[in-house]
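There are 2 protein chains.
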Amino acid sequence: MSFDPATLTFNEAGLIPAIAQDHATGEVLMLAWMNAESVARTLATGRVTYWSRSRQAFWAKGETSGHVQELVGLHVDCDRDTLLLKVRQTGPACHTGARSCFFTKVEEGEEVVTA
Amino acid sequence: MSFDPATLTFNEAGLIPAIAQDHATGEVLMLAWMNAESVARTLATGRVTYWSRSRQAFWAKGETSGHVQELVGLHVDCDRDTLLLKVRQTGPACHTGARSCFFTKVEEGEEVVTA
Numbered sequence: 001m002s003f004d005p006a007t008l009t010f011n012e013a014g015l016i017p018a019i020a021q022d023h024a025t026g027e028v029l030m031l032a033w034m035n036a037e038s039v040a041r042t043l044a045t046g047r048v049t050y051w052s053r054s055r056q057a058f059w060a061k062g063e064t065s066g067h068v069q070e071l072v073g074l075h076v077d078c079d080r081d082t083l084l085l086k087v088r089q090t091g092p093a094c095h096t097g098a099r100s101c102f103f104t105k106v107e108e109g110e111e112v113v114t115a
Numbered sequence: 001m002s003f004d005p006a007t008l009t010f011n012e013a014g015l016i017p018a019i020a021q022d023h024a025t026g027e028v029l030m031l032a033w034m035n036a037e038s039v040a041r042t043l044a045t046g047r048v049t050y051w052s053r054s055r056q057a058f059w060a061k062g063e064t065s066g067h068v069q070e071l072v073g074l075h076v077d078c079d080r081d082t083l084l085l086k087v088r089q090t091g092p093a094c095h096t097g098a099r100s101c102f103f104t105k106v107e108e109g110e111e112v113v114t115a
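Top line first, the protein sequences correspond to chains G and Z.
Numbering of the first sequence is given in full-length UniProt numbering, commencing with residue 1 and proceeding in unit increments.
Numbering of the second sequence is given in full-length UniProt numbering, commencing with residue 1 and proceeding in unit increments.
Don't take each hint at face value.
[Claimed, not checked] Part of the chain G face toward chain Z, derived, beta carbon under 10 Å:
#1 S2
#2 G26
#3 H67
#4 E70
#5 C78
#6 L83
#7 E107
To be clear, the hints were calculated from the coordinates, so they are not data collected in a lab.
Cβ coordinates follow ideal geometry from the N, Cα and C atoms, glycine included.
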């Protein structure tokens with residue numbers, strides 16, 4: 001079946017969460033949001049393009065930072081309301097400079113920064 | 001710093017997306033939603049408990065299916081608006097019987113079912 005981004009299930013704002021995972025290490029790097037056009041652009045260009053909820057604009061990841069995400073594989077979940085992107089990440093994925101955005105771990109009730 | 005679920009950033013429905021990842025293989029299994037009380041219950045019991053948006057009720061994963069998720073680690077992202085759960089998954093994570101919910105892959109414009 002040919003894939004049409006319009007057949008995904010978007011929330012009331014027209015967005016779907018997209019998980020970015022390092023294709024080689026399996027590390028989960030970040031979660032951001034896409035609209036149908038973001039998904040189409042990502043597939044057409046091979047560069048991951050989110051929708052920035054704060055800026056209300058397309059967000060071609062790494063456009064200004066150079067920390068681009070090259071799409072290796074796109075997966076859709078069973079409910080068609082979440083995407084999993086396998087990516088080749090250049091530099092850190094997180095705006096803080098950390099490789100992954102998930103660098104805070106909860107250990108025995110305490111927050112521990114691991115990066 | 002001690003961790004308080006109330007300090008997370010929830011959406012307008014009081015929910016935060018939670019990614020479940022197999023702690024051993026790195027496979028991303030599913031994404032579901034939690035409210036503050038789900039997070040607290042998950043930490044208190046060591047069993048992952050989501051909030052079911054369709055049933056509007058707590059969803060102790062595996063309660064009926066037996067396909068429980070034992071919490072191995074809980075990570076918070078930089079914006080405090082997404083959780084990453086490292087889990088020990090018993091049986092399939094997906095209600096379809098697939099190990100992961102992300103069994104549909106987009107390849108050269110076509111949807112390919114990989115499980």
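For each hint, the structure was consulted:
no. : hint : result
1   : S2   : holds, 6 Å
2   : G26  : holds, 3 Å
3   : H67  : violated, 14 Å
4   : E70  : violated, 15 Å
5   : C78  : holds, 5 Å
6   : L83  : holds, 8 Å
7   : E107 : holds, 8 Å
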